[in-house]
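Chain A is fixed; fit chain B onto it per the hints.
Which chain is which? The protein sequence lines are A and B, in order.
Under our numbering, the letters of the first sequence match residues 1 to 149, in that order.
Under our numbering, the letters of the second sequence match residues 1001 to 1314, in that order.
Each hint should be verified, as a subset may be incorrect.
Ranges of calculated distance between the beta carbons of each label pair, as one might list FRET restraints [to be verified]:
#1 A:A75 <-> B:P1234: 24 to 30 Å
#2 B:L1153 <-> A:G80: 39 to 45 Å
#3 B:G1150 <-> A:R121: 25 to 31 Å
None of these hints come from the bench; they were simulated from the model.
Backbone N, C-alpha and C fix where the C-beta goes; we use that ideal spot for every residue, glycine too.
So you can see what is in the structure, the chains are spelled out below.
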Amino acid sequence: MHDLDPRHEAGGPPSQARRAAGALESEVLAILRGASEPLSPGDVRQRLETGQGSALSYSTVVTIVSRLHAKGLLARQRAGRGFTYTPVDEASLAAGRMNQALGNGADHDAVLSRFVSGLSRRDARLLRGLLVGDAGPQAGDPGRDEERG
Amino acid sequence: MWLLYLPLVIPVLAGAAARPLANRLEPRQATWLLTSATVALAGCSTAALALLAAYAAARAPILAALGDYSQSVMRRGDPISAAAGTVAALALAGAAVAVVVMFRNWIRALVESYRRAARLSADDGIVVVPGSAIEAYALPGWPGRIVVSGCLLDRLDDDRRAALIAHEQAHLDGRHHLFAAVARLAAAANPLLLPVARSVEYTVERWADERAAAVTGDRRMVAQTIGQVAFLAPPRRRRATGIGLAVIGSHALPRSAAWAGPVPRRVAALLAAPPRRRTILLAACTAIVLLAGISALEAASDLHALLELAQAAG
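Isolated chain B, as found in the complex:
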């Protein structure tokens, strides 16, 4: 019966592995892997919670009468304590609420973004806004817009402007906001997956960086652009994201920078050699995610078998 708990444990592993993976894998590969892993693992852990809750519920006399199965057989075969079942039911309810709320907020933000993008008039999809802010972002829409402050453009030479625009264009073309949103929704269902969702936000940035490097043909220049813009932006007061978990550094970064914020990691990755595809690593990660899925399925079929047994007796 320990199998039932496996889908709940693997997300912890995934949370710890996300950052090193994001550092090592080719960004596009990493984005797909981490995003689908969050969805799969959130699905599995939710299913496991549902099963735990179902076991507990199956002990209730009313349900036994309704379902016409033997309660004593259920009790004998039931490996789950009532307390565990209750905790699982509560966690399940919490996850459902979190996902619904986050989904609603996300849809709202997306609709708002599309509306703004439609209203902003743009040459070549680029909106230059006045003012002293140092700001540049991709606004998803139909078509999406790249919003850049004139103040920032003024400080960049032509090459670096091209790098910035190529980066934002890559976000729009690749619909990177969808990856980030899907991963976050999954993490809402299971907060243990939050580090994985954050890593997706990082890998889409890396993906766009690599696109910009391909478009401009100059990795080093893209790295310098990111550095320059980061220094122009007001310093951040919040603590750097992600602490402690990632002890395995990337070969591209000095060991101290492996747990640094996103900007130094992106710059270091661009200054290093272009990332290679790592098929074995990818396959290993996929296998672990599949293991979670299989154990959830296995546990489900156990419950089903037990119910059938109890029904035959009842």
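Bound conformation, chain A alone:
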């Protein structure tokens, strides 16, 4: 799990640093997922050290957790002067991703095919007419939700 070292020789400095950062991120995430309580960066650093042997600076750990927080993978709470972090559970992650996916409109409209598009008032009237005209008893119910609009 902590096999970072073999690559230190092979890769050039930039790619090596990036890879190490990615590996560290997942390691930190694993520690937080394994923890039963919110952890401060100091707690994370402590646990990292016991696992890895080599010491990471406090600011490195802060950078990593902040980045994970920015990615939406960690939630944070204020604790005293700093923050403590907890992993975001899978369900809210998926929801967060969906919101992200919906968030910046124009770009995503370029690739997403939405099933649902809201109705203008006139469209709603037309649609109700079509459905009522066609299907009789069943078609009355979908229209009701719209009346408030």
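Quick look at chain B alone, frame taken from chain A:
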């Protein structure tokens, strides 16, 4: 020389014809026709602009010296005013910038979509997301994902769920996002083609609707599903897309609904008889697009002939 302006005029016609065509043609046919028409017409109008600009540029003394051709012959034979040439050059530059920017944004969105699709774990390619949103969409990827909110699924019975999934699956299988994107890129090169690009967005929806109807074997039920889901979604505040242009209604729709938003049009189309292939209409449209292409070619060869003449004199 009026031929040179034809590729610039035909997109206006296409813009006006797109919506009635989208209403009348079989959706798959319509998608292919309208998408290839936007590309062809955007290509032609861009070529025409380039030619207009080239005529204007050919008057410049420096170019005449470099190209070793007679300026006086160029002037005599040159039908294009310098002003028209300058306007064309500006429009050309604008089109180039618009296409590049839109292409870059599209690639970004696509890469992002592929990344998200890869990250989302899914059973059978379907991702059910929690929360109260009424949402369902196809996320292109490798493989693509269908994202549906649990809240929406809860409100649909089994048949209607199947219709919804079949619709989104059709988008993924048919790579419908590519048609829409290509048409939009073409419309970026020539904004007169925007109504055509919007119609492509509509015809791919229709295409997916017809697939869903084929899969579930029940057109009426698919129509009712679309209606139900549309009423569940929050009402739209923006004005309905497309105004005014389409006066020719479809036989499937009451006249008032021919210029309605996409949802009533889709529902009406599903409640009507399945669309037929219309070979003659298709051939007529193709012929008009070809006319634009031929006139652009013709104009190009005119310029070439003129340049040769001027070179011989110079």
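A quick look at each hint next to the structure:
1. Distance hint check: the CB atoms of A75 (chain A) and P1234 (chain B) are about 28 Å apart, consistent with the given range 24 to 30 Å.
2. L1153 (chain B) and G80 (chain A) have their C-beta atoms about 43 Å apart, which keeps the hinted 39 to 45 Å range intact.
3. Distance hint check for G1150 (chain B) and R121 (chain A): the Cβ-Cβ separation is about 29 Å, which falls inside the suggested range of 25 to 31 Å.
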